[in-house]
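Protein chains in written order, with this note's numbering: chain B, 1 to 291; chain F, 292 to 711; chain Z, 712 to 1009.
Honestly, the hints are just simulated from the structure, not real lab data. Because the structure is a prediction, the values reported are computed rather than measured. Zero decoy hints are in this set.
If you want the footprint, here are the derived chain F segments under chain B, 3+ residues with CB under 8 Å:
id: 1; segment: 336-344
id: 2; segment: 516-525
id: 3; segment: 540-550
Just so it is clear, CB atoms sit at the ideal spot from N, CA and C, and this is done for glycine as well.
The primary structure of each chain is shown beneath.
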Amino acid sequence: MLAVQILVDGFAISALYGLGAVGFTLMFGVSGVLNLSHGATMVVAAVTAWVVAGQHAGSPWLAALAGTGAGVATAFATYFLVVRPIQRSRSVPAAEKEIFVLTGTLLWGIMIQEAVAYFYTDNPKTVQPLIAGVMQIGGVRTPINELLIAVICWTVIGLLWLLVNRTKAGKVLLAASINPRALTILGFELSRVYLLVWTIYGVLAGIAGVLLATFLGASSAQASQLTASAFSIVVLGGLGSVTGSLFAAYVVGYLETLTAYLISPAYRTVPALVLVVLVVYFRPHGLLGRR
Amino acid sequence: MLDRKTFTLHVRTVLLAAAALGCLAASQVRAQTKEPIRIGIISEESAIAGAGISRAAQIAMDEINAAGGVDGRKVEIVQYDDHNSAADAVRAFQRAVSQDKVVGVIGTYITEIALALQPWSARTHVPFITTGAASNEISRHVHDDYDKNKYTFHEYMASPFIADSVCDSVKLWLQTKYSIKSAVVLSEDAAWTTPLDAEYLECLPKVGVTVLDHVRFSPDTSDFTPLYNKIEGEKPDVIVTGWSHIGVQPTVQWAQQQVPIPIIGISSQATSGTFWKDTNGAAAGIVTFSVASDGANLTPVTQPFVDAYIKRFGEPPPYPGFTTVDAVHVFVEAVRRAGSTDGDKLVTALEQTDYIGTVGRVQFYGRDSLFTHAMKYGPTFAPGIALQWQDGKQVPLWPKAAPNAKLKFPAFTHLQPPKG
Amino acid sequence: MWIALVLLAVLLTLPLWASAYILGVLTVACYFGVFAMSWDLLFGFANEVNFGPTFLIGTGAYTAGLLNAHGVPMWVCLIAGAAGALVGGVVLAVPALRLTGPYFGLTTLVAVLLLQQFIIIFAGTTGGEIGLTMNDILSMDATTNYWYALTFMAVSGAILLTLSRSPVGLILQASGQDRIGAAALGFNVVKHKLAAFCVSAVFSGLAGAMLVFYLGTASVGTVVDVAVGVQVIIAAVLGGRRTIVGAAIGAIFLILAGELLRPLGQLSTFVVSAVALVVILFFVDGLMGLLGRRREES
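Using the sequences and the accompanying hints, generate a full structural model.
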């Protein structure tokens, strides 16, 4: 019984981690940006969904749509207001662009977090599940919402795979992540590629944020924790590797769930952190990283 | 050696420094008119409970000033947001005292922050009343080192009293309706729950409830599924809680997962009028203990305060709102009684407090009690109330029930009627 | 260099006319200045973004705090704090120096998260989130505390500045910006980076220990939290990278701005972050750049 419980619980949470991580790693792989306002973006999506559902009495589906839209809007804001100016700035030496983008997105993330807390307090926001109720799986009483989350996450990831591997735009994205310079030589405009990747990122982070709100709840105070978590998973899996992030998300998700159930919820995050350290030490490019 | 460029550089540096310091200096100058009585309010504005503190203080200030102030002097509230940080709170306290010249500080609902401010109140000899923190450490310190710590007053129910009232409510009320023979204590790991849980473990067996397990979780837990799963396996009749930093998430998850065990005890966030909305209705059936609420009518001033708060802020006050509005009145009365704003005189005056507030009759324990300067608990003082969320409303049920009010637990919980 | 002296001169005059409150704010700012300067040494000269300066600060602070809670005299605790941070620095450096870029950053970040978990899990000994109350504090008097902090910052700053301009410092800078070239010239890059780590650790740890003896409590929220580390990084970048002095200026600016904006209440953090963002977007060389100081070109 416990085993089934762990299996089910771990699956849903890993799927959620995976969705967030995939966006994060895609962003790094294609445009080299480690977006440290990732958690804040998810929180904005979650809070927007809550606002639409609660204060404007919208249906959960409308709220979800609004939340995802907010995720995309925030992603664009991050790109146009913070990342692009730094990338194009002539006063920042090329070697230091990375640290500036990091610091910039970090500050931007803090601003978003504080703004959300100012308007809506740091109380966790929850959204009614898209489908309420529970069902029995192998004798384990599971909220239907959990299964729905897993289904949605994997559907989105599947769609992403289709996009990257079957459409022209997707292939350009893939190429950009491997060799941006070659792409420019071939006549593709990198700026459009970046626009595409930020849009995709916004959708992924937005959906992840909304789902988080229906599952566990999200608060502005959790923004940095969410970012740190995505960061660890992505590095564990290999920066830039989408498959790696998914794999790592499941590893981390199950490690945490096992620890919470078998040892104690207080130590939940420890084994995953230790694993990240070990992997970074012995295999810095991650479990499935390339380079 | 001093070329033009370097010279300009120096001038710019000095100008910048001067500008910065000029700002600092300017902030020190205060217009000296008929000195109002300044009270500092330190709270966590980004939290519902914290915002309630500053809002309630404003209401109290307006009431007092409308009635003429104190001997013609107006009361002025100076508000500080401590951003949930003890270090920030300490700096705010320092600023309040030495810069903004407050004569008393009221605030914070977080025990850790109240404990950090207590020594500063002692060092500066400025009275500090905490209106939401629960740990009895606060008043213990006053008892153990009276001369140093006497400036602190604890105007909220100390944790052991909260636990006692929960146990009393189980015996005198819940057990008359349901069979409650076992429980699991589920509390966040924080300073205020240590004495709370210790008292639960003492008083629950005395009312015939076996404590099957005692679970403490980190306040930044966001996934409660493993905890509920474990507790369900132990099959208690009720879950007795000590929740404050968290509230929305465990409640929502409890409802979503349809955990078949009712929740009673203390869930601070559930005492806030916005909790139903915050949890999208998952709060249905949650029983929590509080100092007062909408409809509780503990004293003639309780409901008027709730109404005034709703009128001004659009939602009912959270629990520290009640104690804060009382605390401001209590403090101002002490100023009147002492005829001075001197710290030591105010302490003596505060000890003589006998005020009918929104939470009951406010008096403080004296030096003969272990909990010196804590608020007196009991049927004739501040009795506290148990309330349950039903259909979007907080329904006070014990000791004074609203008319026609009945306990209503969700359908997925499995409580049995009392045996024999 | 001149800027540093002018700043110092101004700071020296403060006790003559500033209130205890302002002195208190600047005391904390001085310790933050040391945090930021230590970070700048590591970043500016080894070109490594340390996301977890609070690992070193926290290790130093808690070593000192825990010893003091067991009755060890304050001065011994301070030295022990610095030593503890040094050990922590070496432990961190060994895996970290094998990595570069985001991997290094992540390792340092994870180190902080692990330290935080460690402190919270063993709350019985460490006081957890509530914090540890110190038995001794540096002084009750605001002016005395201010002198301690200012002197400490001035001396640390002088040492760090000298190091950054010494042959060792130049090697670090060279290796930071062109690792291969530096190695080709025969410099042992790793050894020197390790040295930078150690120096950064000692100063961070000592400053952390002094800070908790000033505040009277050691808590996760003041010396370990990632948010504190973020403030340190922002202070250094805001002040001007690779200048050491800039880091101190940035720290003082940040802390002062935070306090000046206190009347804004909840929004003060927002405004400070926004200002910092604007500075790094438009004034890349930070405050030092604003003051016309040309960056060291290698």
